[in-house]
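Taking the numbering used here, the leading residue of the sequence shown gets 1, the next gets one more, and so forth.
What the hints contain is simulated information worked out from the structure, not anything from laboratory work.
Glycine included, each C-beta is placed from N, C-alpha and C at the ideal position.
Worth double-checking, as some hints may not be accurate.
SDA-like mimics (lysine to any residue), calculated; alpha carbons at most 25 Å apart, straight line [unchecked claim]:
#1 LYS44 <-> ASP80
#2 LYS54 <-> GLY41
#3 LYS170 <-> GLY144
Computed Cβ-Cβ distance ranges for the label pairs, DEER-style [what the hints assert, rightly or not]:
#4 ALA113 <-> LEU67: 44 to 54 Å
#5 ARG71 <-> ALA113: 20 to 30 Å
#6 ALA142 <-> PRO110: 19 to 29 Å
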Amino acid sequence: MVARAEAAQATAERVLEVALELFTDNPYEHVSLEQVAKRAGVTKRTVIRRFGAKEELFVRSMEHGGLEEMRRRDAAPVGDIAAAVANVVESYERWAPNRLRLLAQEDRIPIVAENVEIGRRYHHEWVERTFAPLIERLRGAARGRRVAALIALTDVYTWKLLRRDLGLSKADTEQTLSELISKLEGEP
């Protein structure tokens, strides 16, 4: 009985990993339950029985990958700019293709838009927690501007601009972001 439960869990994990990969590499509408099943080495019926419709599989696969990534991001030390930047850059090195693909689809696919909004809220909370020493003394509009600047500087689009569009190395990207964020310390 235990072996059967472990095998079922391993199958579910495999299906979620395959779905996450397919939803990352392809537009939402180009991913089918048949593709997921074939790549995972199971039948479409198994995928449906375990996860239901495509929308539910999408949600569950994003949760599966996202929770792992959030645990890693949550390990960023509070108040250590260089370590926090290294943490978020490392996150984007792995997770940016997924986020960028979904951001490009959010305006036309409601289930994708919901997932993107969850990511935005998480990133906002992560910034406020991780960079708390940079914002704790500020109030009102000054605090709002500082939070907005930190969100923008640590956003996936900023990573994309530096890493992909401008061709900076990972180390240079981290250095650039750390320098920009450090400059905020002396500003109101």
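Between LYS170 and GLY144, is the straight-line Cα distance small enough, at 25 Å or below?
29 Å, violated
So if I understand the rule, the pair passes when the alpha-carbon distance is 25 Å or less; does LYS44 with ASP80 pass?
47 Å, violated
Quick check: does the Cβ-Cβ distance between ARG71 and ALA113 fall within 20 to 30 Å?
24 Å, holds
Holds or violated: are the alpha carbons of LYS54 and GLY41 at most 25 Å from each other?
This hinted pair holds, its Cα atoms lying about 17 Å apart.
Consistency of beta-carbon spacing, PRO110 to ALA142, with hint 19 to 29 Å
Roughly 36 Å apart at Cβ, these two residues miss the hinted range, so it is violated.
Determine whether the Cβ-Cβ distance between ALA113 and LEU67 falls within the hinted range of 44 to 54 Å.
20 Å, violated
When the structure is compared with the earlier hints, violations turn up for hints 1, 3, 4, 6 and for no others.
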